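S.K.: Given next are the chains, with one letter for each unit.
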Amino acid sequence: MTATTWVTRGVSALLALALLFCSLLAVVEIAAAALGREPVLVHYPDWTDWLRTHSWNDRIVQALLGGLVVVGLLFLLLALRRGKPAALTLRNRTDGVDVTASRRSVEKSLAAVAARTSGVAGASASVSRRTARVEARTVAPSDPGIRDEVESAVRGRLDSLGTERRIRTRVALTTKDTR
Amino acid sequence: MSSRANVVNRVVLTVLGLLLLTAGGFGLALSAGAFGESRADNPVLPEQVRTFPDGRPWFWWAVAGGLVLIAVLALLWLLAQLRTDRTTRLDLTTDARDGYTTLHANALTNAVEDEALGIPSVTSASANVREHRGNHVFLRVELADSADIDGVRTRLENEVVAHLREAVADPRFLVTIELRPGASKTPQRSLT
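Top to bottom, those sequences are chains A and B.
For what it's worth, this note's numbering labels the leading residue of the first sequence as 63, then goes sequentially.
For what it's worth, this note's numbering labels the leading residue of the second sequence as 537, then goes sequentially.
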């Protein structure tokens, strides 16, 4: 599961809990009012008075409405955002067998393959749906062919995986601080 | 965790998001005078709305009914977060008149894991049976950094999956394999 999925799940659980609690509380208040009792937990006559004494163009009302719009947009963002995939789909070879490669492990693997290139001290990689970005740290500003070597190694690793969708590679070189 | 819950979460959040956006946007338009300046000066709760339930005893019971429905839906939504796709048994019954046959998922997954671990470069394997669009086995395989991914995959599909399908007597049994290349730590090259 991706970070986005975890956040969506956490927000959903909290929201479901809040909806459950608030709707049951409202039912209790309605039942109490029907029996002629005082408000149980929420002193709603204050809320009614507040709504009667404030008009639509009051600043506080506008701020609350703006808040609703913001929360609504956040919910939509959370629901519709795709985020990075948890796994990359690999080309199908056998009927009924779906093969994927975990994105994080592919990132580690690409970083490792880049780090094994001669002249590279270390590397990190990030993979999205379409692009693999590798940042390699070279020992010194040296051989201009390093980029091609790193790119070729990374390309080779991706090809050996056989992803369903072709993934572009982007290699950035930085020089390691040797002080 | 259930993948169905992810779909439910997205649908419910989209509906709630659209509701809040519409309500907030409509209120802001009203307050900005989009429906006439006089309406913007009206109280948020007009007198005719406040007194509407008076003399209509059914009103609050109808509201309570709606709230109970919302509470039930919220409870189902909450429970959906805790549900998993995993199953502990596979029903292999072909004809109930001959008796019922069930297979413990652990027996199957242990055999799958053991066979996967026998493939060179496989450092770890874990499998489970999930119930999502029919039963299927989910197999996660960690590979050494130097693994021949294509070779490992070929053996997984031609040997492990083939044996698994033989065991459940279903040549089209669904399998999902997640490869984790480079999952085992690779020693860093040191340059001196």
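Just so you know, these hints were derived from the structure itself, not from any lab.
In this text, all values refer to a predicted model and were calculated from it rather than measured experimentally.
For glycine and all other residues, C-beta sits at the position ideal for the given N, C-alpha and C.
Certain hints may be false.
As the list claims (entries may be wrong) - Dumping the calculated SDA-like pairs for lysine to any residue here, alpha-carbon to alpha-carbon at most 20 Å: (1) Lys146/A with Ser539/B; (2) Lys146/A with Leu87/A; (3) Lys146/A with Phe709/B; (4) Lys146/A with Glu169/A; (5) Lys146/A with Val104/A; (6) Lys146/A with Val543/B; (7) Lys146/A with Glu693/B; (8) Lys146/A with Thr231/A; (9) Lys146/A with Val89/A; (10) Lys146/A with Arg586/B.
What the hints assert, rightly or not - What follows is a set of in silico ranges between Cβ atoms, one per label pair, in the way DEER data are often shown: (11) Arg209/A with Leu653/B: 37 to 43 Å; (12) Leu87/A with Thr659/B: 28 to 34 Å; (13) Pro707/B with Val201/A: 50 to 56 Å; (14) Pro147/A with Thr558/B: 19 to 25 Å; (15) His640/B with Ala234/A: 33 to 39 Å; (16) Arg232/A with Leu618/B: 19 to 25 Å; (17) Leu87/A with Ala559/B: 19 to 25 Å.
S.K.: Compare the structure with each hint and give your call.
M.R.: Comparing the hints with the structure gives:
{"no.": "1", "hint": "Lys146/A with Ser539/B", "verdict": "holds, 16 Å"}
{"no.": "2", "hint": "Lys146/A with Leu87/A", "verdict": "violated, 39 Å"}
{"no.": "3", "hint": "Lys146/A with Phe709/B", "verdict": "violated, 29 Å"}
{"no.": "4", "hint": "Lys146/A with Glu169/A", "verdict": "holds, 12 Å"}
{"no.": "5", "hint": "Lys146/A with Val104/A", "verdict": "violated, 43 Å"}
{"no.": "6", "hint": "Lys146/A with Val543/B", "verdict": "holds, 17 Å"}
{"no.": "7", "hint": "Lys146/A with Glu693/B", "verdict": "violated, 27 Å"}
{"no.": "8", "hint": "Lys146/A with Thr231/A", "verdict": "holds, 16 Å"}
{"no.": "9", "hint": "Lys146/A with Val89/A", "verdict": "violated, 42 Å"}
{"no.": "10", "hint": "Lys146/A with Arg586/B", "verdict": "violated, 49 Å"}
{"no.": "11", "hint": "Arg209/A with Leu653/B: 37 to 43 Å", "verdict": "holds, 38 Å"}
{"no.": "12", "hint": "Leu87/A with Thr659/B: 28 to 34 Å", "verdict": "violated, 53 Å"}
{"no.": "13", "hint": "Pro707/B with Val201/A: 50 to 56 Å", "verdict": "holds, 55 Å"}
{"no.": "14", "hint": "Pro147/A with Thr558/B: 19 to 25 Å", "verdict": "violated, 31 Å"}
{"no.": "15", "hint": "His640/B with Ala234/A: 33 to 39 Å", "verdict": "violated, 51 Å"}
{"no.": "16", "hint": "Arg232/A with Leu618/B: 19 to 25 Å", "verdict": "violated, 41 Å"}
{"no.": "17", "hint": "Leu87/A with Ala559/B: 19 to 25 Å", "verdict": "holds, 21 Å"}
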